[in-house]
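Trainee: Listed in order, the protein sequences are those of chains L and B. Under our numbering, the first residue of the first sequence is numbered 2, with each subsequent residue one higher. Under our numbering, the first residue of the second sequence is numbered 2, with each subsequent residue one higher.
Don't read these hints as lab results, they were simulated from the structure. All values derive from a computational prediction rather than experimental measurement.
One copy or two, either will do: identical chains are not told apart, so a pair holds if it fits within one copy or between any two.
Using 20 angstroms as the maximum straight-line C-alpha spacing, the simulated SDA-like pairs for lysine to any residue come out as follows:
| # | residue 1 | residue 2 |
| --- | --- | --- |
| 1 | LYS19 | ILE64 |
| 2 | LYS19 | ARG184 |
| 3 | LYS19 | TYR343 |
| 4 | LYS19 | PHE186 |
| 5 | LYS365 | ARG219 |
| 6 | LYS193 | PHE180 |
| 7 | LYS346 | GLN316 |
| 8 | LYS193 | ARG66 |
Number of protein chains: 2
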Amino acid sequence: MTRVVVVGAGFAGLNAAKALANRPGIDVTLLDRSNHHLFQPLLYQVATAALSPADISAPVRSILRRARNVQVLMAEAQHIDLAARRVDTDIGRFEADYLLIGAGATHAYFGHDAWEAMAPGLKTLPQATAVRARILRAFEQAECCADWVEQQAWLSFVVVGGGPTGVEMAGAIAEMSRFTLARDFRRIDPRKARVLLVEAGPRLLPAFGERSAARARRDLAALGVDVRLGAAVTDVANDSVTVGASRVPTRTVIWAAGVRASPLAQSLGVPLDRAGRVPVNAGLTPEGHACVFVLGDLAATIDPATRRPLPGVAQVAIQQGRYAAACILADQRGAPRGIFRYRDKGQMATIGRQRAICEIGGFKFGGRLAWWLWLLVHILGLTGFRSRASVMLQWGWSFFTYGRGARLIVGRDS
Amino acid sequence: MTRVVVVGAGFAGLNAAKALANRPGIDVTLLDRSNHHLFQPLLYQVATAALSPADISAPVRSILRRARNVQVLMAEAQHIDLAARRVDTDIGRFEADYLLIGAGATHAYFGHDAWEAMAPGLKTLPQATAVRARILRAFEQAECCADWVEQQAWLSFVVVGGGPTGVEMAGAIAEMSRFTLARDFRRIDPRKARVLLVEAGPRLLPAFGERSAARARRDLAALGVDVRLGAAVTDVANDSVTVGASRVPTRTVIWAAGVRASPLAQSLGVPLDRAGRVPVNAGLTPEGHACVFVLGDLAATIDPATRRPLPGVAQVAIQQGRYAAACILADQRGAPRGIFRYRDKGQMATIGRQRAICEIGGFKFGGRLAWWLWLLVHILGLTGFRSRASVMLQWGWSFFTYGRGARLIVGRDS
Chain L
2 MTRVVVVGAG FAGLNAAKAL ANRPGIDVTL LDRSNHHLFQ PLLYQVATAA
52 LSPADISAPV RSILRRARNV QVLMAEAQHI DLAARRVDTD IGRFEADYLL
102 IGAGATHAYF GHDAWEAMAP GLKTLPQATA VRARILRAFE QAECCADWVE
152 QQAWLSFVVV GGGPTGVEMA GAIAEMSRFT LARDFRRIDP RKARVLLVEA
202 GPRLLPAFGE RSAARARRDL AALGVDVRLG AAVTDVANDS VTVGASRVPT
252 RTVIWAAGVR ASPLAQSLGV PLDRAGRVPV NAGLTPEGHA CVFVLGDLAA
302 TIDPATRRPL PGVAQVAIQQ GRYAAACILA DQRGAPRGIF RYRDKGQMAT
352 IGRQRAICEI GGFKFGGRLA WWLWLLVHIL GLTGFRSRAS VMLQWGWSFF
402 TYGRGARLIV GRDS
Chain B
2 MTRVVVVGAG FAGLNAAKAL ANRPGIDVTL LDRSNHHLFQ PLLYQVATAA
52 LSPADISAPV RSILRRARNV QVLMAEAQHI DLAARRVDTD IGRFEADYLL
102 IGAGATHAYF GHDAWEAMAP GLKTLPQATA VRARILRAFE QAECCADWVE
152 QQAWLSFVVV GGGPTGVEMA GAIAEMSRFT LARDFRRIDP RKARVLLVEA
202 GPRLLPAFGE RSAARARRDL AALGVDVRLG AAVTDVANDS VTVGASRVPT
252 RTVIWAAGVR ASPLAQSLGV PLDRAGRVPV NAGLTPEGHA CVFVLGDLAA
302 TIDPATRRPL PGVAQVAIQQ GRYAAACILA DQRGAPRGIF RYRDKGQMAT
352 IGRQRAICEI GGFKFGGRLA WWLWLLVHIL GLTGFRSRAS VMLQWGWSFF
402 TYGRGARLIV GRDS
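Could you put together the complete structure from these sequences and hints?
Mentor: Following this line, the structure appears as structure tokens:
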């Protein structure tokens, strides 16, 4: 019996386990520190009160119910011994013939870890509900605030980072303030909320083409988002953000700027790249460890076609998970493995209602069609009928009413 | 302008504000420490992973959007001066011509406050998601537990209190383990989970008739719930509950036994009853304070028809809120107030799938019809189209698949 241990039930780990499901002679143990698989591309919609956590997540063991050779365990990996193919977790030690590591990434504050408390990132469900509570609470605070200057600080929202998450967050906050909340307050006018999107580089969405990025910038401007390019954040405080030399009073900062591989990578004992990722060869294994696959955001992979690093997106992780499973099955048959080739299915980002950008193969387009395609792709990407139906219901309701169904501040009111 | 200050946006406060909406000459300030109105009768469904928090709650200011004379503020009342009709909160002082207090209730541990950490109650959303995480985590822990005795403790669930909440929780946990989780685990058989319902009194559901209570007990037994009557909990520890003289090893205890009025009542400076509630006269005002109404679970009200205390249910609070609003409007017209008369619309409780008990007027019945009626009443009771549609979708999906859509452990995995 070949023992496969998979660390992380993200897109990579889950798809590897699915591809190994019910294969004879293979025994899979899938470890994750939470009990659910999270559809991260829609996490910003939880953070902006459009969806509930349960809409974009599903219990891992329920997804793999019919995979009789897969054992799902809720465990946090603490240390990995590459040579021994051994994982130490909070519930014990796991030894493997094949080790698949897809522990994901977290946010990077470029040496300013103290900023995290003021400027939370958006990688997990608790972070998303915390960000949601912060945004909603800011409007509540502005409503009961007597001092005009303080009120303006509560009504200023700063999103740091001009990648897809930053663009989508800024667009969603602007839309929420312009439409959803517009008539709900008595003293303040939420439509006057200021949304600032700060990007240190020269343009938004570096992974997209120039035209798409320019379109996204126009769409954001139409929603009233103030986009600042070439503007680096130099300080984050409790009541302000400093962008370059100018201090912006604000009470709500959302961090979507840097990504850093899970700290678990440090336990592997191999040299890591600048973002803490594990360099792997064209077979997705660290040099000298042919039975260890490093997948998804944890791996630094160079695309042999473009010679550029692969982006940290769901499609890369999904394809890598399936590739690792295929390699194990090839080994089992005594067949050669072949190298990993990323099939780029394109990329898309949405900027508020009926506005999105798509780049699929040679086609680059935006606007209404792109938005509807974005909806379709994301609904199909969700796990299971219930999530799809629930998200369609919430989106359908929002489309016609401009409402957001999950406007909940919970957590500090118990 | 008559200034009305309402403390609490539960069933009483929200319905009072609705009844005063857009009435000339009346200005309402509605204070609540959270931003949402919670449909408490379905809270146990959040705790048992059937529904999401957003399904059973709606933003108070959104519900009252069209009530132009109502100002909703998120504030926690800290002290109330009855004579001055003055409320001190964390955001400042509010003075009123009429004061409506519906601050609700919390759980009572009968002098054993230390039990709360081990045996959480079920009154707020954070409590419900915490209970949900505990129940789901218990199965996860049992799955990765090598020791048989410890495993059995993780698979034992004790619900304390045989009122509607306790009965519904015990039924839902049993159903979840028998159906939803049955095929998801490899090492444990969730169907063998033990669910114990402990009630100190001689019977379940004292507010219901003998026959209904007996039926509920049979239905619980059919689901495999072990019901212990006349059994008082004498100790709660981290790994066990002591019932009478016998120690039951368990890791999950849910408290549904006692109710105590909000501690805010203590600030009023009037004598309270044993459960910490404020005694009020037939006009729902504390003696000598005709412009202060105490409503819902905070009030000790004697029903003039039956001479028994009114139960702590949503219908009582809703009718009391409307009554208080009607009194204010009567005063405005110079008309006499009239006394509060509770119109008992009946009561119901559900015990798992297609099993419920109903008592409406003289009709007492159970089984499938009661269950469908229960569904209908609770869907209609929810606020707004979105919640109703979402709950119908989740329930419909659960009905056909036995699934539970919100099987999320969040909060400790960030």
